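Quick note, the sequences are listed as chains D and P, same order. In this text, residue positions in the first sequence follow this note's numbering: the first is 5, and each later residue adds one. In this text, residue positions in the second sequence follow this note's numbering: the first is 13, and each later residue adds one.
Just so you know, the hints here were simulated from the structure itself, not pulled from any lab data. Just so it is clear, the structure is predicted and the values come from calculations on it, not from any experiment. For glycine and all other residues, C-beta sits at the position ideal for the given N, C-alpha and C. Careful, some of the hints might be misleading.
[Stated by the list, open to error] The following label-pair restraints were derived from C-beta to C-beta distances:
#1 P:246 to D:35: 48 to 56 Å
#2 D:225 to P:263: 53 to 61 Å
#3 P:40 to D:121: 32 to 40 Å
#4 D:91 to P:34: 22 to 30 Å
#5 D:298 to P:263: 24 to 32 Å
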Amino acid sequence: MLEPILSIRGLTKTYRGGTRALASVDLDIRAGEIFALLGPNGAGKTTLIGAVCGLVRPSSGTITAFGHDLGRDWRRARARIGLVPQELATDMFETVWRAVSYSRGLFGKPGDPALIESILRSLSLWDKKDTQIRALSGGMKRRVLIAKALAHEPELLFLDEPTAGVDVELRKGMWEQIAALKERGVTIILTTHYIEEAEEMADRVGIIQGGRILMVDEKRAMMERLGTTEAVIDLAAPLAAVPEALGRFAVELAEGGMRLIYRGGNGEGKGRAEVAELAQALTRAGIGFTSLDIHDSSLEDIFVGLLGHQGEAA
Amino acid sequence: MHFSLRSAYAIYRREMARAFRTAFQSILSPVLTTSLYFVVFGSVIGSRMEPVGGVPYGAFIIPGLLMLTLLGETTSNASFGIYMPRFTGTIYELLSAPVGVAETLAGFVGAAATKGLILAAIILATARFFVEYEIAHPLLAAFYIMLVAASFALFGFILGVWADSFEKLGIIPMLILTPLTFLGGTFYSIRELPAPWDAVALANPIAFLVSGLRYSFYGVSDVPIALSLGLTGGFLTVCVVVIAVIFRTGWRLRE
Ligand SMILES: Nc1ncnc2c1ncn2[C@@H]1O[C@H](COP(=O)(O)OP(=O)(O)OP(=O)(O)O)[C@@H](O)[C@H]1O
Ligand SMILES: [Mg+2]
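Chain D with its partners taken away, still in its complex shape:
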């Protein structure tokens, strides 16, 4: 396997005041992937990003980016990393154009108006280029932050809740943007509260809670392993017990025998196939049913389930 573009080992951060925001985090990010970091409020996502980008001093642990140790060789590493922060922090009195050009210069790159123009156009900010940032809406300000982060052509991009406060249509546009960046070879790490976002875009998903990474996996593998299909079948007449003919299916009775519930599959179509077989088996056995409702679990169900288990365990 290729050497990871970013490698985090034993990263711990205890803030002054004693909050332990990260507890010995290990994480490897592969070149060219989109990695989604999912976790509830206060899980440590922003702290993790801050530690890589130089905003947070780690209490212990090592971070290696592009083969450079960030503690020692931060200059060369940081020049290739871009950050879109969670908070909308912008220089209110600058124009969009100047703010984005400044970012490029700050990162030591020579001026490139054509590049800045293409970035602004791709984020639908071109007609706002001479507007002061304070006169922009929240969603536009967030896009300015993205433009600033892209201005120095980073190879590794952190997006801390990039679509917070961005309307649905633009969010879709932003997904396309992010996909286009990936096409160009940019590695992307994003945090989000919209699980559909991770589901839509991410190659791999990491779940973090209480400063610990609970699970990192390919999104598909995670869905396969933890994803389920649920089918709710309303019966024409109540059953006292699950009939012999349905023995091989993972079904149970509910609602006083009026309802048959199937849970199984792998989130990848196996469940749906089984439900089809189940329906045929019911017909063959002469068991009538009035409705059949199928629902595939989403990453969200997995996420909520996983955090719920952790909560119980704690």
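For this one, chain D is given, so just place chain P with the ligands on it according to the hints.
Just chain P with the ligands, lined up with the frame of chain D:
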């Protein structure tokens, strides 16, 4: 050691742009204060004053007034320059950039020195309306003004990193700089003070600054010019070291 000229220049340009955005206020306020001082001290009182060390009183106070405004403006301007990004959160960009203390200071201090020269030019032009004067060593004066502006920009930078409220930001210039400048021989020659006050006055470092600038203007001074230059240079060095330590430890900058 690595130094990125582009990064430093980006910071410089941004600092200059910030000044030009508020150009009206940055020009009007020194013009107004200087005019007021000249009306009161230069014309009204100055006409009844003896020349000091052969320099007419109205001209004598110019370097002190210039120093008064220069110190105040430079310090507060630089402190705001770093405090505001901390306050609004935009400092994230500087912290995440491949930029070290050298580029940051070159950008900030270079801009401060430029602004100091512009400010001095404005004040001197204003003074022309009130009194006749000639500058004996213009190059030395320009150099000294830039040196002082750079030093107090560094000082303001430290102030802006240290402050965690707007009150603290304003308190040092108001409680320390202004009184010390007033007592530092802006309106009189320290040599003319009766003992022991002449010695006490020299405990005030700003007296050396005023004296140094006055030497560059009129060739007369309370203390040797070398001492003024040395002291200013020393102060600049101390500030640079403090800022280097701040960057190294991340004090008040990184969590
Ligand atoms: N500057 C700070 N000082 C002290 N504690 C902090 C600081 N920043 C964050 N924390 C604490 O560290 C923990 C992790 O915070 P962090 O911002 O990393 O969470 P997050 O996963 O980004 O949450 P969210 O989804 O709400 O953005 C929280 O308990 C938070 O209160
Ligand atoms: Mg966060």
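If any of the earlier hints don't hold here, list their numbers in rising order.
Violated hints (numbers, rising): 2, 5; every other hint is consistent with the structure.
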